[in-house]
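Engineer: Protein sequence lines, in the order shown, are assigned to chains P and W. According to UniProt numbering, the first sequence is numbered sequentially starting from 1. According to UniProt numbering, the second sequence is numbered sequentially starting from 1.
No lab work stands behind these hints: they were computed from the structure. Quick caveat: nothing in here was measured; it's all calculated off a predicted structure. Some clues are possibly wrong.
If several chains are the same, the list does not tell them apart, and a pair holds so long as it fits within one copy or across any two.
[What the hints assert, rightly or not] The calculated DMTMM-like cross-link candidates involving lysine to aspartate or glutamate, where the alpha carbons are at most 20 Å apart (straight line), are:
no., residue 1, residue 2
1, Lys190, Asp377
2, Lys348, Glu45
3, Lys275, Asp337
4, Lys395, Asp242
5, Lys393, Asp231
6, Lys356, Asp101
7, Lys156, Glu119
8, Lys313, Asp242
9, Lys313, Glu265
10, Lys308, Glu265
Protein chains: 2
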Amino acid sequence: MPENTEAAPETQKAVGEENGHAEEQSTEETNGVEKKEDSLKEKEEPVKEMKAVVLLSFGGYKGVKIMKKPEPTPQNGEVLIRVKACGLNFQDLITRLGAIDSPPKTPSVMGFECAGEIEAIGEEVEGFEVGDRVVALPEFKAWAELCTVPAKFVYKLPSEISYNDAAAISMNFVVAYIIVNELLSLKPGKSVLLHSAAGGVGLAIVQLLRTIEGITIFGVCSKGKHEELADAGIDHLIDRADYVNEIRKISPEGVDVVLDCMCGEDCNRGYGLLKPMGKYLLYGSANVVTGETKSFFSVARSWWQVDKVSPIKLFDENKSFSGFNLRHLMYQQNGADYVRSAMNEVFKMFIDGKIKPKIDSTWAFEDVCDAMQKMHDRKNIGKILLDPAQEPKPKPPTPVKVKVKKEKKEKVTSPTKEEAPKAEEAVAEENGKAEENGKAEENGKAEEEKPAAENGTDKVEEVKVAEEVKAAA
Amino acid sequence: MPENTEAAPETQKAVGEENGHAEEQSTEETNGVEKKEDSLKEKEEPVKEMKAVVLLSFGGYKGVKIMKKPEPTPQNGEVLIRVKACGLNFQDLITRLGAIDSPPKTPSVMGFECAGEIEAIGEEVEGFEVGDRVVALPEFKAWAELCTVPAKFVYKLPSEISYNDAAAISMNFVVAYIIVNELLSLKPGKSVLLHSAAGGVGLAIVQLLRTIEGITIFGVCSKGKHEELADAGIDHLIDRADYVNEIRKISPEGVDVVLDCMCGEDCNRGYGLLKPMGKYLLYGSANVVTGETKSFFSVARSWWQVDKVSPIKLFDENKSFSGFNLRHLMYQQNGADYVRSAMNEVFKMFIDGKIKPKIDSTWAFEDVCDAMQKMHDRKNIGKILLDPAQEPKPKPPTPVKVKVKKEKKEKVTSPTKEEAPKAEEAVAEENGKAEENGKAEENGKAEEEKPAAENGTDKVEEVKVAEEVKAAA
């Protein structure tokens, strides 16, 4: 598949610093002869480009740009996917903030989840054909019109699953499946405390817990979502503000399982709620992003706050503490086969009608920062998707403050929100317009509860974080 | 059931200090009228007595005495069992040493496990009748001719299960069942590192693991036992001396599960052997008793040595750490129903021929210290039982150095081994005689490997421990 192997030299210069991935590819050893031929060919042809969500620097939203990049080519073991739908996950927020471990080298195309059609196949790939409908869980690079992914992280889609549904279920339900069906092995009659119950993974976990008889679910989420989640299958909707006492009121002896994607201080609180023979499962670190002060130091604190657990205490108290980190399992711990078998189970459950994704909203690449902000503010109920083909929302009418210095070299196709700070009220209004796009029941109400100004304050703080992170780095 | 409600006043004075339990019972509030009548009755009748293994003080074997005590009477919620067989468990050693948490008030009848026939039933007991064949897991008091146990810790025996088999399977297989079938929920193809594989619980775990397809078992035990365990169902018999490297040689990537009843430094070693998605389960603390120097300070160190586990590390490494402590679950954490349902499963498996206890040896009460020493030295293969009806081994021919001071008040029916230090060689010979009792294949070979003198040294050290424990208390 030597088509579009790499950008022509002059193009590569043009995209300059921000094109880390393409550069890395071009320096990889390939057949020398072919390489030269390609270069000649490409000099004659115009470089094919694609749109991508690129992280230029860690921190606030201003580091996130929509850019044109040379189309990638699948290397050995990779497939090239024409992306139709992308999933937004919490680890995208953690990545942007730079709080993720082993972060990508910026600039880097963002995203861990996409669905689409295979457009080309690299060498040494078996079991895939051009035209296959697939979903993929690459480590970064998913949010682009085209995406190269190692075949071991690509899963063929049954015809019953649409691209949107695929992007909505694959990450969330694989996490939920491994937690509920592999790690917990719950017996009927047990009780579960679930943090972020209204998020994509939260709702996926609820659906899988509902396949077991007599499980009592305590779902923690902000009060504003309780009404909309009335039919989600959660037995007790608990406000986050005082969840420990709320749960103790209903179940004085505590719960059998805590599913925690928050980490930080919540670990200590939740552990105390465990009954004997209870299991604590930490599967995320959302507090890294949503700490109250949102400074680099609060990020660090959210880790320090976690008390270490004494094995002797676990022995004395008949408790267990588990960690689950899909990213590490897949990309660092050789867990591709394990995840593939979980993915197959998820597909089966979808086809059998046992699970059904709840999609909160779908956004254009250009509006990715609004989408991220919505997740940051915990205003989504269910999965947030990105659609590379979707038209961006109309821009605010106020003039855009364009930054020129370093970024003028970049082919920025859409200003991000931070470049139009005065337009924040307009952004809030945009959120309102999304409701008119047929998503009123999904994201409308929560949005209305918080004044637009608060949204704005958060964003400004995020920018500050970026600078603090840089300063500390 | 006012028969034998309590000892007559003069008897109580006679058994004096050592009869803590009987005293406690007699001071409990009962119907005042009945009490008086009983006292009158008993003044006329001779006080009925029973033989029991009593712990007079924590530490070495000299604190363990075989004594006559007034027959106990079941209180509300209790049944009285005529004991036919008792189980020796590692926690008996830990109790004797005083290293158990919430230790009994000495003097106290020892033992956590007995099987026998119900002889009387207290008030407010349902589901049991006099004459029922039962096994019981009381918190202490099991090693006596008669034992009162709260009915919630008593389990009716199916007719297929003998008293010996009951005492051999109940504690060990309930622990094994909860570990293997409730806590691990192992999928086929996983690998398990099992400490103390030759012990009662270890062999029970092996049998239950063998009911799952394709489990690879790495069983750690002393080299001397490997030959005898050739057919036990353990895939890789590993010598304790260098087990980490031994296992790495066979499985460089480690194991999926570590089952650890050692604690201490082994926790840290074993955790490092876990694969991603691996589970560490701590279910005992044998290192408390078998630390190299066997001093009080080494007991304490075996706890300090255990590294605390960071939840973040578990999250990063996709690992879990669980603790299981049957004693706490049953007596402190309201887990009687949970244990009863596990016990029923164990009985079913026994009747179905899926499990079969391995009995190492059966001992008279009078020889309980030899039995404990055998377990201490890890020389048993399978369960050690006590039989209240069994005749003690012939005493050594050397004159016994009788202690007279404090102990002369006690009704000691048999000298313990420490009272005859010069008889140690003879004791070793006794062990030899046990072989003639038809147990040659079971405990003979291991015994021969260690010189008798070593046995003796251990015992002397134990006495030292007793003093150190006392000094520190």
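Engineer: Report the numbers of all earlier hints that the structure fails to satisfy, in ascending order.
Structural biologist: The structure breaks hints 1, 2, 4, 5, 6, 8; every other hint is satisfied.
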